[in-house]
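Residue numbers (the numbering used here), protein chains in the order written: chain A, -6 to 82; chain B, 12 to 173; chain C, 57 to 181.
A few of these clues could be false.
[As the list claims (entries may be wrong)] Dumping the calculated DSS-like pairs for lysine-lysine here, alpha-carbon to alpha-carbon at most 25 Å:
hint, chain 1, residue 1, chain 2, residue 2
1, C, Lys151, A, Lys73
2, A, Lys19, C, Lys151
3, B, Lys154, B, Lys66
4, B, Lys67, B, Lys99
5, B, Lys60, B, Lys154
6, B, Lys168, B, Lys67
7, B, Lys154, B, Lys67
8, B, Lys99, C, Lys125
9, A, Lys73, B, Lys67
10, B, Lys139, C, Lys151
11, B, Lys60, B, Lys168
12, B, Lys99, B, Lys139
13, B, Lys66, B, Lys160
14, C, Lys85, A, Lys19
15, C, Lys85, C, Lys151
16, B, Lys168, B, Lys99
17, B, Lys73, B, Lys154
18, B, Lys66, B, Lys168
19, B, Lys154, B, Lys168
20, A, Lys73, B, Lys60
21, B, Lys139, B, Lys67
I should point out that these hints are in silico values taken from the structure, not numbers from a laboratory.
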Amino acid sequence: MLTIVVLISCTFVGIGLLLNLWRLLKGPSVLDRVLALDTMYINSIALIVLLGLYFGSPLYFEGALLIAMLGFVSTAALCKYLVRGDLIE
Amino acid sequence: MKRLLPFPYLSLLLLIVWLLMNNSASPGHILLGLIFALLIPLGTSSMRKNQPTLKKPLSAAKYLLMLMGDIIVSNVEVAIQVLGPVRKISPGFIAVPLDITQDLPITLLASSISLTPGTVSIEVSEDKQWLYVHVLNLVDETKTIANIKQRYESPLKEIFGC
Amino acid sequence: MSLFVEWLVILLLLLGAFFLMVGSIGLAKLPDFYTRLHAPTKASTLGIGAVLIASTLFFSVTQDGISVKELVITLFLFITAPITAHMMGKAAMHKEKKAIDRTRNLHLQEPARNRQPPKAPETTE
């Protein structure tokens, strides 16, 4: 039962990832792409946690934590760069 | 005591996060966590600005619980708005006048606003008097502002005693 | 694993996955950047929270000893999600991104960009 539910949840999150990818490719501006990337980080954390549930192994937690931290730092850095780049012009 | 433990809440948070990360409460990890919880605030105390301290931890806990409830309500609301017809949504900007002046309460207020129903904080004015907020579905401007002030700002004011 | 916990995990997983999808749908569907900002920050935060709590429950029951590591990620995401949203909103303001026309109080964009107090709307209709 749980296996089926995990697979269904994976499908939901996968659809979400595809929609994010569409927004990432479509834009229309850099910030939309950054936002799409940020959402993709969150969705991939969910996907990794679901993978851990599927295999019943708690080892995937470390990967999820890494993605969470790198995702936050990279989004913050990108936004900072975009703001500052504008100020220099 | 004050010199040894400049930020008691930060130390407690560090200890808790260390134990959570290692997923154990064995004496060795508690000892190591205590060492970090003592050394890191000491080492970084010169970098920190003077922030207001928590005056009422109990009402802070109450505020956190209320925030959790609001997050759930806000998610259901946003989900309904997103799945419903987009043309009905009328977004808008509002400027919320701030009564609190210190950085930490303003940060917490902005974060609370971002996490709760249909609002995202965008920018703070330089004199820290105004908070600009984007609302997903702006129906009544004065009501939204009053709601933010009464629901989130006054408890924060009480918690930090300013 | 008792039946009750299993159903709880299932419920949380489905709810979390649903909210994550809603966040992504909002990202793809809403008309301008500022409205798009709402969907991922809110829906995705609750979605990921639900999934992580389900994972905590599952591993607490199946492995010996409780497993609370996922709570660190939940805590971290709940602290950082509003910060990233605020930074992106700020960046959008400074890039002078246009909001859609039916946005109310568009005149507040100009003072917000310059971090000034709001001015009365100009009546040059």
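Hint check results:
{"no.": "1", "hint": "C:Lys151 / A:Lys73", "in the structure": "holds (12 Å)"}
{"no.": "2", "hint": "A:Lys19 / C:Lys151", "in the structure": "holds (18 Å)"}
{"no.": "3", "hint": "B:Lys154 / B:Lys66", "in the structure": "violated (29 Å)"}
{"no.": "4", "hint": "B:Lys67 / B:Lys99", "in the structure": "violated (42 Å)"}
{"no.": "5", "hint": "B:Lys60 / B:Lys154", "in the structure": "violated (35 Å)"}
{"no.": "6", "hint": "B:Lys168 / B:Lys67", "in the structure": "holds (10 Å)"}
{"no.": "7", "hint": "B:Lys154 / B:Lys67", "in the structure": "violated (28 Å)"}
{"no.": "8", "hint": "B:Lys99 / C:Lys125", "in the structure": "violated (42 Å)"}
{"no.": "9", "hint": "A:Lys73 / B:Lys67", "in the structure": "violated (35 Å)"}
{"no.": "10", "hint": "B:Lys139 / C:Lys151", "in the structure": "holds (22 Å)"}
{"no.": "11", "hint": "B:Lys60 / B:Lys168", "in the structure": "holds (19 Å)"}
{"no.": "12", "hint": "B:Lys99 / B:Lys139", "in the structure": "violated (33 Å)"}
{"no.": "13", "hint": "B:Lys66 / B:Lys160", "in the structure": "holds (20 Å)"}
{"no.": "14", "hint": "C:Lys85 / A:Lys19", "in the structure": "holds (12 Å)"}
{"no.": "15", "hint": "C:Lys85 / C:Lys151", "in the structure": "holds (22 Å)"}
{"no.": "16", "hint": "B:Lys168 / B:Lys99", "in the structure": "violated (36 Å)"}
{"no.": "17", "hint": "B:Lys73 / B:Lys154", "in the structure": "holds (24 Å)"}
{"no.": "18", "hint": "B:Lys66 / B:Lys168", "in the structure": "holds (10 Å)"}
{"no.": "19", "hint": "B:Lys154 / B:Lys168", "in the structure": "holds (20 Å)"}
{"no.": "20", "hint": "A:Lys73 / B:Lys60", "in the structure": "holds (22 Å)"}
{"no.": "21", "hint": "B:Lys139 / B:Lys67", "in the structure": "holds (24 Å)"}
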